[in-house]
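Trainee: What follows is the residue order along each chain.
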Amino acid sequence: EDQVTQSPEALRLQEGESSSLNCSYTVSGLRGLFWYRQDPGKGPEFLFTLYSAGEEKEKERLKATLTKKESFLHITAPKPEDSATYLCAVQAHTGGFKTIFGAGTRLFVKA
Amino acid sequence: EAGVAQSPRYKIIEKRQSVAFWCNPISGHATLYWYQQILGQGPKLLIQFQNNGVVDDSQLPKDRFSAERLKGVDSTLKIQPAKLEDSAVYLCASNPGTGGNTIYFGEGSWLTVV
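For the protein sequence lines, the chains are A and B, in the order given. Going left to right, the first sequence walks through residues 18 to 128 as my numbering numbers them. Going left to right, the second sequence walks through residues 214 to 327 as my numbering numbers them.
The following block holds chain B by itself, in its conformation from the complex:
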């Protein structure tokens, strides 16, 4: 079974530029998460989708971050404009949504803002 796919793996941008990350969850998984992990900290939930609807985006900085999940499958996370403090790993994860509740992570997209 294929895992959660993310791209790009690494990105370096200047502050005030924009960046987009893509995620393809495990096939059939209804729930998709985006987490932000700053070096030395645990993952912080940014947004959670159930199919193509948003379940929780209470910690998403909506003035600069946006996310969408079209057709309830792939998702993109966008940052515009980026700030230095956005330097982090952006982890995508998925969960079946019914029955099993374990979430499975991708390898992450590493963002450095200079």
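Chain A with its partners taken away, still in its complex shape:
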């Protein structure tokens, strides 16, 4: 059964304090791994898609990496506006674009 586990559940950082969020997954043939940002009261906002081990994507202070078993979302020198819940999801080759989400990591960045 496809499964996504995110850690930590919550992370509190000082502004400028870099860190990483983890997403461990098991899936029968990975089609894609996705990272989303979700602000309170909003729907998830797409950040990145990673397709194969070794791939990396960057956007502003965020960098996503992928191995065969996990993905990391690195946050460099975070700012308070980066505070949000970060969701990881996987999509398998089978199941017609079925996409399974983890529980998310709630990030708090203090000024």
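Note that these hints are calculated values from the structure, not bench results. Just so you know, not all the hints are guaranteed correct.
Subject to a maximum C-alpha distance of 16 Å in a straight line, what follows is the list of computed EDC-like cross-link-like pairs (lysine to aspartate or glutamate) [stated by the list, open to error]:
{"#": "1", "chain 1": "A", "residue 1": "K115", "chain 2": "A", "residue 2": "E18"}
{"#": "2", "chain 1": "A", "residue 1": "K115", "chain 2": "B", "residue 2": "D270"}
{"#": "3", "chain 1": "A", "residue 1": "K59", "chain 2": "B", "residue 2": "E320"}
{"#": "4", "chain 1": "B", "residue 1": "K257", "chain 2": "A", "residue 2": "D19"}
Sample of chain A residues at the chain B side, in silico, Cβ under 7 Å [to be verified]:
{"#": "5", "residue": "P61"}
{"#": "6", "residue": "F114"}
{"#": "7", "residue": "F118"}
Just so you know, these numbers come straight off a predicted model, no measurement behind them. Don't be surprised by glycine CBs; every beta carbon is placed ideally from N, CA and C.
Got chain A; can you put chain B on it based on the hints?
Mentor: Below, chain B without anything else, positioned relative to chain A:
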């Protein structure tokens, strides 16, 4: 390009009443999803359509939840009768279905059952 549209944004009902949510996906997107997100948890897939056919509804509580996608475009999700534990955000999302596989979400419909 217009995003995924959902309505209503907020709904408060009493237990055992019924409620319906509407979703209009991104134009041309063949795949449509309904997710349930309980506060503090990740989205849980309820049902997935490919055009107007159901691909996966294994986690849809079929005794009280129903969904349809007429003509392969708009979709409605209905809950009848509602229970207290149905209080959640109902997220609609869509995906092109061919080629690109990223899914895009609407803002969600917030349901409170009292």
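Trainee: Take the hints in turn and mark each one as holding or not.
Mentor: Comparing the hints with the structure gives:
Our distance criterion of 16 Å between C-alpha atoms is met by A:K115 and A:E18, whose separation comes to about 12 Å. For the given pair, A:K115 sits about 11 Å from B:D270 by alpha-carbon distance, which is consistent with the 16 Å threshold. A distance of roughly 5 Å separates the Cα atoms of A:K59 and B:E320; the hinted pair therefore holds under the 16 Å criterion. Between B:K257 and A:D19 the alpha-carbon distance is near 13 Å, which keeps this suggested pair within the 16 Å criterion.
The interface hint given for A:P61 is met, as the beta carbon of that residue sits about 5 Å from the closest beta carbon of chain B, less than 7 Å. Restraint check, A:F114 versus chain B: the minimum CB separation of about 5 Å is within 7 Å; hint holds. Interface hint at A:F118: satisfied, since its Cβ lies 4 Å from the closest Cβ of chain B, which is below the 7 Å cut-off.
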